[in-house]
Every structure is written in structure tokens, then in C-alpha cells.
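**Q** So the sequence lines, in the order shown, correspond to chains A and B.
The numbering of the first sequence is my numbering, which starts it at 1 and goes up by one.
The numbering of the second sequence is my numbering, which starts it at 1 and goes up by one.
Be a bit skeptical, because a hint or two may be false.
As the list claims (entries may be wrong) - Okay, derived cross-link-like pairs now, EDC-like style, lysine to aspartate or glutamate, Cα gap no bigger than 20 Å in a straight line:
1. Lys152/B <-> Glu41/B
2. Lys152/B <-> Glu101/A
3. Lys5/B <-> Glu31/B
4. Lys152/B <-> Asp26/B
5. Lys152/B <-> Glu105/A
6. Lys145/B <-> Asp90/B
7. Lys87/A <-> Glu52/A
8. Lys56/A <-> Asp69/A
9. Lys56/A <-> Glu84/A
10. Lys110/A <-> Glu31/B
11. Lys4/B <-> Glu144/A
12. Lys152/B <-> Asp76/B
Calculated from the structure, these hints are not laboratory results.
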Amino acid sequence: MSELGRNRSTWLALSGLLLLTAAAPALQGAAQEPAVAEARVDDPVLEAQVRELASKLRCPTCRALSVEDSPSGMAQEMRVLIREQLKSGKTPAEVEAYFVERYGEWILLKPTASGFNWTVWLLPVLMLAGGLFFVFLTARRWVEQGQARAAHLDGEEREI
Amino acid sequence: MSWKKLLIPALAIPIVALLAYGLTRDPNIVESPLPGRPAFEFSSQTLDGEDLGLSDLKGKVVVLNFWASWCVACIDEHRVFIEAERYYADREFQMLGVVYQDEAPNARRWMERMGGDWPSLVDPASRIAIDYGVYGVPETYFIGKDGLIAHKQIGPVNSMLMKQLVDSLLAAPVTGEPSATSSAAGTEAGGS
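Model the full assembly from the supplied sequences, consistent with the hints where possible.
**A** Laid out in C-alpha cells, this is it:
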């Protein structure tokens, strides 16, 4: 094979690989298409409740995204279920409890302030308070040292 | 030693301990609240078009496996289920699959290719999966003869775990009537 032919083959192989890489998420998404289409209802109050609740829940497949933000089939079907449960008369708290009962508190993006979870809520506040206290102590020490040095310099000047 | 010198280690040690605890844990292992609780009732159609529910399997040890044809890890554990199906053929044991986020024809082809005679249910709106708090596939639930969920396995099941759990569940005495809680999600899935 000539040099030109070899280069062309290499470029073709690389282009094919690049195309496959780019298409992989789309192909995977197609394989995991949800079986139930998400039909939003013409009820702004209900849809707002669905959005609020879905944004509090963690998508089980994506984990870093909320059920509201995730484009995955599982998240879409969870939104359908939330909508159905709210339409059937359940309160948002009851729907949330349904998911917590099955997935545990892990499903909540914001953990409840109870038991060991308090560390998540209190630790940042304590660290901030500790940091401010450290800054305060350091600043006070600097001021005291500055005043002492000034007093010392004043004494030396007077002596001169 | 002054209190100021003690302050830094007093603050740092609990924070480092907390970080060490967090960093040494596998983030993929999420503790499920379901083991020890009654299995949720569900019914759907099998890939062969027959109606089947969990209540039809009362009094049996049920290994409920969520799987998909696109799931690579499901291939690894499938031979374990085939072995178990043969090994426990004369016992009160039932393998039951639930197809997760997949098309029925793909799942049917996969089962034909991989083998295994146990039923697999379609789960069109993932209601069974959501009811069982499934994060992804493969996930397997070991349900005792009493209808209680004994164990949830996230990831592939190996032969040792399978034998250990199923043997202990088969040997466990049944104290009362098998029970299953009805599903709040209404897991009555339709056909494929």
C-alpha cells in the first residue's frame, strides 16, 4: 500500500472511531428508552408540585442529578409516577415518603436534619465559625503586637 | 499546653476522621431499607405473555433478578442463575426475572441466546423497579418463604453468595403465613 493509501486508511479508521464515540451515548439512550412517554398535564399547580418534588429526589441511575434534571428513562418514569400519585390525591410529603421507603434517605438530594445527618448541616457552620474566630484571634494578636511595637518605638524615640 | 494549641487538633481530628470514614467507603454501595421487610406484591406479563405475580409464588424462596439485554454485568451472573435453577430444581425455589428499561423483543432474544427456563416479567413503566428501589442493573432480591426480603444484592451475584443465601432461606422455618405488602405504585404492569 502506498504512503497516501496508508494515511487515508488511518484517517478513515480514526474518523470511524470518533463517530462511534460520539454516537455511543445516543445508542445507549436508545436502548434505555422509557416504555411510558411522559405526558405533562395542563395543570400548572400540579406541574409545579411535580417539578418541586422531582428536584428534591436523586435520580437513581445518574446519582449526581435530580429526577427533575435527569434525561434518563428511569427519571422520566419516576416523574410520571410522581404526577400520578399527586393526581390520585396524595400529598407531596406522602409521595416523598413513598420514595424514601424504597430507596432510603439516599434518594433525597438534601438530607433531613436528624441524627448523624446533623453533621452535614452543622459542620460547615462550625467550620465557618471556627475560621472567623481564628481570623479574629490572629487580627487581635497583630493589633496587640503592632501596639506593643509602636509603644516600644515611642519609648526609644523619647530616649533619643 | 495552652487551650489555643489544643484547639487545632481538637477541630482537625474529628474532621479528618469523618473524611477518612467517607473515603474508605465504596460510594456504589447504598444501604437499602428493604431487607427485613415484606416484599411488595406485583404482577405483570412474562416474556411469553403469561400473567404472573409474586403471590403466585407463595411459600417459595424467590430470587428476584432485575436485568436487561444491554447490561454487560448481567451476562456474568446469568450462569450462576442457570446453575441454581438446576441445583434447586426439586426444592421450593423460584428464579424470577424482571426486565429493566429494555424492549421485550430484545430481552426475549437475550434469554433465548443465554438460556434459562425461569420466567421474566416485563416492567413497562418501571413500576416494579421503582417499588423495589432499583438503582440499576443487575440487582437481585432474595425473598424468603415467609415473603420477607432477606437480602438485596447490588451488582452481579456470584455462586457462593447464591448458595449461601438460598440454602439458609430454604432451611429457615416458616413461622406464619407468607406475606407481601401491596404496592403503593400499583405495580400491575401491562403486556409487552
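**Q** Give a verdict on every hint.
**A** Going through the hints against the structure:
no.	hint	verdict
1	Lys152/B <-> Glu41/B	holds, 16 Å
2	Lys152/B <-> Glu101/A	holds, 15 Å
3	Lys5/B <-> Glu31/B	violated, 40 Å
4	Lys152/B <-> Asp26/B	holds, 16 Å
5	Lys152/B <-> Glu105/A	holds, 17 Å
6	Lys145/B <-> Asp90/B	holds, 15 Å
7	Lys87/A <-> Glu52/A	holds, 15 Å
8	Lys56/A <-> Asp69/A	holds, 10 Å
9	Lys56/A <-> Glu84/A	holds, 17 Å
10	Lys110/A <-> Glu31/B	holds, 17 Å
11	Lys4/B <-> Glu144/A	holds, 17 Å
12	Lys152/B <-> Asp76/B	holds, 18 Å
Hint 3 from the list above is the single one not met by this structure.
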